[in-house]
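S.K.: Residue strings, one per chain:
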Amino acid sequence: MRAAIAAVFLVLLSLIPLGGLAQTSPPVAEASSAAEIVEENRAQIERPSRQTIGPVIAALAASGDPQAVTILSAWADRGLGIRKSDGAFVLLSTGQDGYALRSLDGADAGTAPRADITELRPNSGVRAVIATALVQFQLNDPDPARRADALTTIARDPAPELLDPLRASIEAETDPALRAQKDRLNRLLTLRFDPDSATRIAAIESFSGDLGLDLRAALNPLLATTRRAAPLGTTIEGNIARDLDPGSDLSETEAYDLLVAADLAPARLTTPELKAALAANIVDGAVAGIPLAELNTQSARNRAYTALEQAGTVPVAATDEEVTQIIAGHQFVETYSEPDSAVTTAAQDVLTGIEVKLAAMQVADLSLDALSLASIYFLAAIGLAITFGVMRVINMAHGEFIMMGAYTGYVVQLFIPNYTLSLIVALPLAFLVTFMAGVAMERLVIRHLYKRPLETLLATFGISIALQQLAKNIFGTQARPLTSPAWLDGALTFNDIVSISYIRVAIFVLAILFLLFFLWLMKRTRLGLEVRAVTQNPSMAASMGINPDRINMLTFGLGSGIAGIAGIAIGLFAQVTSEIGQAYIVQSFMTVVVGGVGNIWGTLAGALMIGTLQKGIEFLNPSNTLAAQTYMILFIILFIQFRPRGIIALKGRAAGD
Amino acid sequence: MTQLLEVSGVSVTFDGFRAINNLSFNIGPAELRAIIGPNGAGKTTFMDIVTGKTRPDEGKVLWGDRLQSLLAMSEAQIARAGVGRKFQRPTVFEDQTVADNLMMALKAARGPLAVLFWSPKPADHARVAELATEVGLGDALGRKSGELSHGQKQWLEIGMLLAQEPKLLLVDEPAAGMTLAEREHTTRLLVDLAKTRAVVVVEHDMEFVRRLNCKVTVLHEGSVLAEGTLDHVTRNPQVIDVYLGRSER
Amino acid sequence: MTRTYLSRNPSVLWFLLILSGFTLGVTLLSQAYGVAFLSTSFIKTLGMTLCLCLVALAMDLIWGYAGILSLGHMAFFALGGYMIGMWLMYARTEAIVITALSNEALPATAQEIQNGIAAQIFGVVGASELPPVWLFAHSLPLQLLLVVLVPGLLALIFGWLAFRSRVTGVYLSILTQAMTLALALYLFQNDSGLRGNNGLSGLQNIPGLDGVSQDRVSVWFLWASAFALGLGYLLVAWVVSGKFGSVIRAIRDDEARVRFLGYSVEGYKLFVFTLTAIIAAIAGALYYPQAGIINPAELAPIASIYLAVWVAIGGRGRLYGAVIGAAFVSLLSSWFTGGRAPSINLGFYTINWVDWWLILLGLSFVGVTLFAPKGIGGLVDLWQGLRTPDRKGADLGPGDGSLLEKEAKK
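Protein chains in written order, with our numbering: chain A, 9 to 665; chain B, 512 to 760; chain C, 1347 to 1756.
No lab work stands behind these hints: they were computed from the structure.
Since the model is a prediction, treat every value here as computed from it, not as a measurement.
Any given hint might turn out to be false.
[What the hints assert, rightly or not] Selected chain A positions facing chain C (in silico; Cβ < 8 Å):
1. L435
2. V453
3. H456
[Said to hold, decoys possible] Which stretches of chain C does chain B cover? Using the computed rule of at least three CB atoms under 8 Å from a CB of chain B, they are:
4. 1578-1590
5. 1593-1600
6. 1603-1612
[As the list claims (entries may be wrong)] FRET-style restraints, in silico, Cβ to Cβ:
7. C:P1487 to A:P323: 53 to 59 Å
8. C:E1475 to A:L500: 44 to 50 Å
9. C:N1449 to A:A275: 26 to 32 Å
10. C:L1499 to A:A284: 44 to 50 Å
11. C:L1499 to A:E281: 43 to 49 Å
12. A:L642 to B:S585: 22 to 28 Å
13. C:D1561 to B:R654: 50 to 56 Å
14. A:A336 to C:P1477: 54 to 60 Å
15. A:A284 to C:P1477: 27 to 33 Å
Even for Gly, the Cβ is constructed at its ideal location relative to N, Cα and C.
Based on the sequences and whatever the hints tell you, model everything.
M.R.: Rendered as structure tokens:
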């Protein structure tokens, strides 16, 4: 809206030097120097309004007086004032006490205390008009920064009359970056405002393959459409985008409303109107002879209205049948507001090309998002997968270990203010804390319940609610920040669409590290060998001199420790609350279940699948993340039907039961 | 002679390991058969296939006069068709009484609704008592089966099998962990049973097999190596090589 | 038959006697029918507790007897509540809308009434049309049918999918939890057709009973709840007493062996799962009119886990255990969290039970699982002199037979 108004006024503005001021009101008095113009239009300048100030500013800009730029900039920066003693305009600059003054022609005019000066405070709308007028001067300003500012102003509020000054300034531009920018801006303005259609098409086509947001912003107005209706058989003027078929492209109601708006059909009688009309014509407890008590169905009411219509009491209104008939007698089209069809076709082509590329970019961006979500799930689930895979124990308190890790990070930051250092301390500390907690839990509870997996599930759940409440009691219910170091701020940006924050990159790296660490641990170390032995056959392992109790304890500690580290990773981008673990625990379970038990690659595949799925569904239905989760869980339940043991399942007799 | 069970060309692979390799095996309606073979010969997998626990990669398993394919049936359906199985370790429901265990196994409708509305008739109580007596648990009907000794559990399981009235009995190492007297009792029982139905016994113990005095099938690496009387197969040089040759005899 | 059944199960008779005594006692102490010793809100709490006992009974059947740790039964409970809540809310809103429209010049059309109701109920989520799921909400009999049908069908379909693919043990628990979460998240949406996280409210106002005070309604609901609990107890006791009970306990202990006996384990599980879902739904349909409000938070996975906690603390595998557990823990819980429990001053720290109750519950739950797997019901065994051998955590299933031989000799 604002841009549109500005555009209208700028058009007016551009007319002034050419065609005079016949149409503008109030008229701008003829004057030659800037100071004179200001003086002549005193009333307007003292109380400027966006609607009417345009001609004055244009006259100033067109005056050719070098002082005009100074006056305009001063005005925009609240540096123009009126001396109360004699009512003269003065340029202000803050001095020792009060203002240092200069007259409009630049001569020193002494000083004045603040109280003696009325500052002019043009509102932001007026300032914007001034800024546009100033642009043509700024484009050639010796200061590159001001030239860049001017380009930004043009890009924000493009207008036809800026095209010529812009083109004129390109030749003289010395800064190559600015020159490229000017060139691009020139083409963007050309494709919209150049009078010659061939030039516009050339400009449009020169952008083929470009993805810039500014380009899309420039092309979209060219393709703006309006819906129009006309009786069948007549031709519709204008650049027609497409025919509309009532019923499929637009609803009957929309079609009819269009006809009513174009005065091609009488207004439809709405139900409330009908009701009001009937209520206004109640005679002796009946309407048109139909008793009130019978008017409790729509059909009876319609009958009553028709009777009133026939009696001439109420105006004739279109009934549903008539509406259908009238619609059938008309054609509906969408026309471009841009009259030149060659231009719209070229714009459409380029825009389609952009959309295809954009879709590819979005897929790439989505994949990055999915990958980062998958790394989070992987980190959260890997500990769970270890404990479940090795010990067949579902640890419902896993989420609370994640929480403990996150709170450890928070507490460390309370003592070590340097975020980098605190992170370096917090990672191993979180591992240690949750490792100890895991070992304690294994020794005190889980060890006694090995033969009863369901009861382990419930006992660990008991621990989970206790730990969660404990965290609430200690840290309160409000979220605690876990601040990432400055070097993790910002994002790795590939272009306008594809980008990923450094925190997520770090989490991805962390996930890879853990994958490698885990592979190394299981395949290359004595501990891994023993863990695998215990997984496959605990009693045989025991008879080989491996202590299964010790292995179970270490495994559980390890799984819990990784949960602690995952907690720090999650805490870096989410707020740390006592429920932080709960948010991830179901997804972690799903990851393990979908991936298959007892295989790190399965967990990885599960995390990838769940991450991709969640992002995919969110993309298809962006307004509703709750529905996305619902659908994902439904999908997983169905997935289990086809692969009950997960993506990577153990085969053979070992998988027995 | 019509066959009760006809297994032909069955193969099954676990993770690349071929547990059963093109195995063919037949047994008649009233026949006692012993299956022997070294560890890993595929004896248990064979029973898993017949009872529906494991699906073979290829081959046919046909059952009864109507040559039904067992491969399309679930474990429960196969059991209802008349295949009973006794596991190596006694598996009885330890939380329930001997009578409950037997009553559950008693031949009757097996659907959830039928079972829900089923109540035992005097004849059923009598049959349970009779079976319990037969396996020497006549005075333990009210005891929880978890309280029974190992041997008694074996017997209870055999009693449950009898209650099912199967046409084919698959018995996995029945004599394991039994005393000499109990073994003899078992032998007699199996020989008796085989008069009215087919009985397949998987056994390691040669003495026990000799006492059964029946046709013997030797499995090796998932297929049949030899078949015939015990004396016949023990003379087979291949059998001696792969099985007996490695035993302490 | 009945005589032998009751004589074989004396606990059923005892239970029914105690329940009747309790109901009578509460009635005599109520404001509406007695000496006004108990407040109406407390009577509502008691009535709701009876409903919780009923759902605990269902949980005991599915978990304690059939060995399926379902973490989804509170979802069925809440679904039952939603189904009855739809009628309650619709009928009440209808009355309000008709009164409002009667002031207009013309008598209202059915469509206008419908629109009025829709606007009243769904204005809060920005919709003005009645969603299709409310198709039957105008009719009490149909909606009562849905109380049974919707959770029953959901359980049937979910159970069929889950049991068919032989998902068992903790896998199944996790899957049921996922189902619950999916349902809760779905209902949390505004366009789910059930008012999103606003839920259904004003359910304590029973349409057609405008002239009856809540004092009396609360007692009526207590009676209905007690009746349902008694009936449910009889039903479940009957289910578990015969061969069916034998089979489901056998499935709990060793389902593979049950298959080889010729029983289709999946069919039994599905039957029990669906039956218990329906019982849970009926309990929910009685609970929420007393609670007055239902929203999706009611079927968060945590609620179902609490249900398991009640049954475990009460003692699973015995029906009165589940009832005792549900009553004991839920009443205790409302006592502690209601701020009525006295704080304990340790000098350096004051234990405020509102904050510490969950910790106590969690830890005592761990304690019960570890040291008293039979729960409160185990006390009855002590009293009757039944001692069971300490199995060092091994369950009752077969497979560890040799371990148990020594016990048998005791």
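S.K.: Range hint 44 to 50 Å: satisfied by the CB atoms of E1475 (chain C) and L500 (chain A)?
M.R.: holds, 46 Å
S.K.: Do the Cβ positions of L1499 (chain C) and E281 (chain A) conform to the proposed distance bound of 43 to 49 Å?
M.R.: holds, 45 Å
S.K.: CB of P1487 (chain C) to CB of P323 (chain A), is that within 53 to 59 Å?
M.R.: The hint (53 to 59 Å, Cβ to Cβ) is violated, given that P1487 (chain C) and P323 (chain A) are roughly 47 Å apart.
S.K.: Are there three or more residues in the segment 1603-1612 of chain C whose C-beta lies closer than 8 Å to some C-beta of chain B?
M.R.: As far as the segment 1603-1612 of chain C goes, the hint holds, because 8 residues have Cβ atoms under 8 Å from chain B.
S.K.: Is the interface hint satisfied for V453 (chain A)? The criterion is a beta-carbon contact with chain C at less than 8 Å.
M.R.: holds, 6 Å
S.K.: Within 50 to 56 Å: is that where the Cβ-Cβ distance between D1561 (chain C) and R654 (chain B) falls?
M.R.: holds, 55 Å
S.K.: When I compare C-beta atoms, does the segment 1593-1600 of chain C have three or more residues closer than 8 Å to chain B?
M.R.: holds (count 5)
S.K.: Should the hint that N1449 (chain C) and A275 (chain A) are 26 to 32 Å apart at their CB atoms be regarded as holding?
M.R.: Roughly 28 Å apart at Cβ, these two residues keep to the hinted range, so it holds.
S.K.: May I ask you to test the interface hint for L435 (chain A) with respect to chain C, counting a Cβ-Cβ separation under 8 Å as satisfied?
M.R.: violated, 28 Å
S.K.: Under 8 Å is the threshold here; is the Cβ of H456 (chain A) close enough to any Cβ of chain C for the hint to stand?
M.R.: OK, holds: H456 (chain A) within 8 Å of chain C, min 5 Å.
S.K.: Between L642 (chain A) and S585 (chain B), is the Cβ distance one that fits in 22 to 28 Å?
M.R.: Holds - the Cβ-Cβ distance for L642 (chain A) and S585 (chain B), about 27 Å, lies within 22 to 28 Å.
S.K.: Just tell me: holds or violated, for the beta carbon distance of A336 (chain A) and P1477 (chain C) against 54 to 60 Å?
M.R.: violated, 33 Å
Hint compliance for this structure: hints 1, 7 and 14 are not met, and every other hint is.
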